[in-house]
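From first to last, the protein sequence lines stand for chains A and B. For the first sequence, position 33 (counting from the first letter as 1) is numbered 33 according to the numbering used here, and the numbering increases by one without interruption. For the second sequence, position 309 (counting from the first letter as 1) is numbered 309 according to the numbering used here, and the numbering increases by one without interruption.
In short, the hints are calculated from the structure, not lab data. No residue lacks a Cβ here, since even glycine has one placed at the ideal position from N, Cα and C. A few of these clues could be false.
Unchecked claim - Calculated cross-link-like contacts (lysine-lysine; reagent style DSS-like; alpha-carbon spacing at most 30 Å):
(1) A/K109 / B/K618
(2) A/K59 / B/K441
(3) B/K221 / B/K498
(4) A/K59 / B/K109
(5) A/K109 / B/K632
(6) A/K59 / B/K369
(7) A/K109 / B/K369
(8) B/K109 / B/K87
(9) A/K109 / B/K367
(10) A/K59 / B/K367
Said to hold, decoys possible - From the structure, some residues in chain B lie toward chain A, with a derived Cβ separation under 7 Å:
(11) N356
(12) G360
(13) S572
For reference, the chains in residue letters:
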Amino acid sequence: MRFVRVSLAAAALAAIVAGTGDARADGDAAKGKIAFTQHGCWQCHDFAGEGSVATSNGKVIARTQLPLDAFISFVRTTDGQMPPFRAAILSDQDLTNIYAYLQSLPAPKAVSDIPLLNSGVRSQ
Amino acid sequence: MSKKDSSLKLNRRKFITAAAVAGASGAVNPAKAATTTTETPQRLPSALPPNAYVAANEAGTPQMPARANGTPGSDFMVDVIKTLDIKYVPANPAASYRGLQESLIDYGKNTMPEFLTCMHEESAVGMCHGYFKATGKPIMTLVHGVVGLQHATMAIYNAWCDRVPVLVIGGNDMDAAHRPPGVPTFHSAQDINAIVRDYTKWDDTPVSAQHFAQSFVRMYKIATTPPYGPVMMSLDGGLQNDAIRDFGEQLYIPKFFASAPPQGDDAAVKEAARLLANAERPVIVVDRAARTQDGVKHLIELAELLQAPVVDQGGRMNFPNTHFLSRPPNVIGQADVVIGMELSDFWNTVNGFVDNGDDGFGKNITKIKPGTKLISISSVDLLTKSNYQDFQRFQSIDISMPGDAEATLPSLIEAVKSSISGNRKDAMTKRGDAIRQAHAKGLEATKQAAAIAWDASPINTARLVTELYAQIKDLDWSLVSTSGNTSGWANRLWPMEKHYQWLGSSGGYGVGYGAPASVGAALGNRDLGRFSVSIQSDGDLMYAPGVLWTAARHKIPLLAVMHNNRGYHQESMHVQRFANFRNRVANNGNDLAPIGTSIMNPDIQYHELAKSMGWWAKGPISDPAELGPAIKEAVNVVKSGQPALVNVLTQPR
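Work out the full structure, taking the sequences as your base and the hints as a guide.
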C-alpha cells in the first residue's frame, strides 16, 4: 500500500493555510512524556528531545516550532530517516500529548551562560 | 607439519610416563596423606608456598637435564621475535603454545616481548589493535589452536577492516601420532589459518625452525607494508617443543627492512592535481589518510594550497578540527571535484542510503551534483578479497590511484603547486575566506546544540564529553576510543590537532572493540608519557570485561568514562523501525526499549565490576553536577599510574 507523502514544509504550510494551527493543543504533557517513552521516540530524539547528529540529523524537537497538525502529519508520513508512526500504533491524541510534552521542556541555556562551553572546548 | 626423528618419539613416550608418575605422586603424597588422616587440619598459612622455580633456586636443587637434547625450537623462535623489537605479547595462555610461552618467559626473560595475561583472545587482539594505533608499532599475540583462534576472530576482522597490523600466532598440535589425545586433539586442525584467511593479509604454517624464521620476518614485513593488516601463523606444537634439527644449513634470522609504501602513479597524480587546481569547489575527504603527524602536516599543506575544505571521516585523526578548512560532510554536495584519501566507503561518501520508503528496500540518494569529478588514493585497492564485503558498494572513480595516501601526498602537493596558475589564486583566496566564515559559524552552532538539555538527567552526551575535557585539557591526552555513539561530541568540541588525539574506531564495527583497544592503546601511551582516556559504552564492555583485570594487573593507566545508556541502543532503533514499518507497537516487555535490546533490570553496576578487578571506580552518576568532581578524582588516580572508571548514566546518543 502506498501512502501519501507530505513533506515537512508542505505539511506545515497546509496546516497554516487550513487555519487549524494548534486547535488540538490540549494535550497532556505528563501523558505525553509517557507516550514519548513507551513508543520509543526517545531512542532517536533523546529523553529531552535534544536529538543527535547520529540519529535525528541533528534536529531538535524539544519545543518544536511546528504547528501541531504539521507535527502530526510529519510523524504519519515521514519517509526520511525517521520511520512513520501510523494511527494504528500511535493515536492523534497520543501525538497531541507528546506535542504538549515537547512544548513543556525547558528552553536551552544560552551558550554564554555555560562556562564550560566558552572556555572548556575548542575556540576555533 | 614438522618431521620427527626417533629420539623425539622416545622422548614423548617418556614424557607421558613421567607425567603420569608425577601426577600420581602429586595426587597421593604418602607423607602428606598420613598427616591429613591422623592430625587436625592446620590453618593455612597466609602466604602461599614458593613455587617450584623459587624453591629450586632457594634450595639449590640440582637442575635435571633438559628432556630434549639440544636447543628447543621455541628458544630459537624467541631469538627471531626479539630481532623485531616487539614489546608485548598480550595473550590468554594455552597448551598448544606452551613451548613458546615457556621460552618467552624463561629463555627470553619475559622482556621484549613481555607476556601480558589476558582473559579472552578477543581482548588480546583488541589490545594489539589499539596499541598499534597509539604507537605505530605492531605487537603480537598467541592464541590456542581452534578455540582460542575462534575467540579471536571478530577482533581480527576489526583489525582487517581498520587496516591495522596484528601478528597472530596460533598453537596447533599437528602430528596426530604424537599429540596428546582428548582435549589437545579437539583443539587441533589441519589448517587453523583457514578460520581467518578471508580477513588476514597472509598466513603460513612453517615446518622447520628456519622456515619459522623466514615466515615470521615475512609476516611482520607484510603486515607493516601499506595497506596494513593482520597476519596469521599456525605454529606446530612439535616445532616449538622439539630440539632444533640440523638440516645441513646454518640457522639464520633474516634481517628485516621495512618496505617503502606504494605511491600513486605519477601520471595519475599530475592529472589529479590538474583537476584540483582548476576546480571551483574542490573538497578533500579523508578517513585513514594520516597515520603520523607528518601525514597531518601534509594534509594541511595540501588543503591550504588549494584553500579547499577538508572532511575528516575520523578513521584516524587526519586533519585538525581547529583549522578553518575543517568542514562537515555536507560540503561534499557543493563540490565539483572530490578527492578521497583512504576512504573505507567511497560510495557512501558521495551517496546515501535511507532505511525507509514504501518498497521495503530503502532508498538510495546521491549527495553530489552531476558531473562531479572523483579522485581516489587508497592503498586498500591493492588488497581486495572476495568473501567479506568490507570493500563496500562499487563507486566509479574518474582517477583512481591504488597507493598509500600519506606516501603520495608530497608528490601530489608538488604537482598541485605546478598546476595552480596565477589567475586562480585570487579565486582561491576568496574561497578560503568564505570557508573561514562558515567554519566559525559552524563552531557556534555546535556549541548551541551542545547547550540543549545541558542539565538533563540522564546526562547529555555533549555535557559528558565537555565535563571530561575540562579535566584533561592541560594533559598530553589521547582519546583512544569512543565505543557506543556519543554523537561525535568529542570530535566536535575537543580541539584535536595531534595525530594521537583520536585513534578512530573499530573498523569492522564488531562490538567489543572499545574496552580492549583502549587498554592496548593506553599501554602504548603509557610508555610514551601520554594520558589515555576512553568513552566506554556499556554493551561494548560486557563482551569481555576481563580486560579490566589485565589493565589493573599490568598497571596500565586509563581513564574510562562510561556512556552507559543501558541498552544495545542501535538495535533498539532497528527493532522499533521494523515495528513501525509493520504497523505494530513494539513490545518493550518491562523495559524501555524493545525486548532483547535493553541492558537493565537489573542495571549492571559497572563501577563495582571495575572495582572487583582492581580499578578505582565511581558511580553510577546521573546528576550532571556530580560528574566533573568525579572525573577529577579519577584523573588523579590515572596520573598515579592506575586505571579508573566513572560509570555515568547517559542519554541514548
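Tested hints:
no., hint, verdict
1, A/K109 / B/K618, "28 Å, holds"
2, A/K59 / B/K441, "17 Å, holds"
3, B/K221 / B/K498, "27 Å, holds"
4, A/K59 / B/K109, "58 Å, violated"
5, A/K109 / B/K632, "24 Å, holds"
6, A/K59 / B/K369, "25 Å, holds"
7, A/K109 / B/K369, "38 Å, violated"
8, B/K109 / B/K87, "13 Å, holds"
9, A/K109 / B/K367, "34 Å, violated"
10, A/K59 / B/K367, "19 Å, holds"
11, N356, "5 Å, holds"
12, G360, "12 Å, violated"
13, S572, "5 Å, holds"
The structure shown violates the earlier hints numbered 4, 7, 9, 12.
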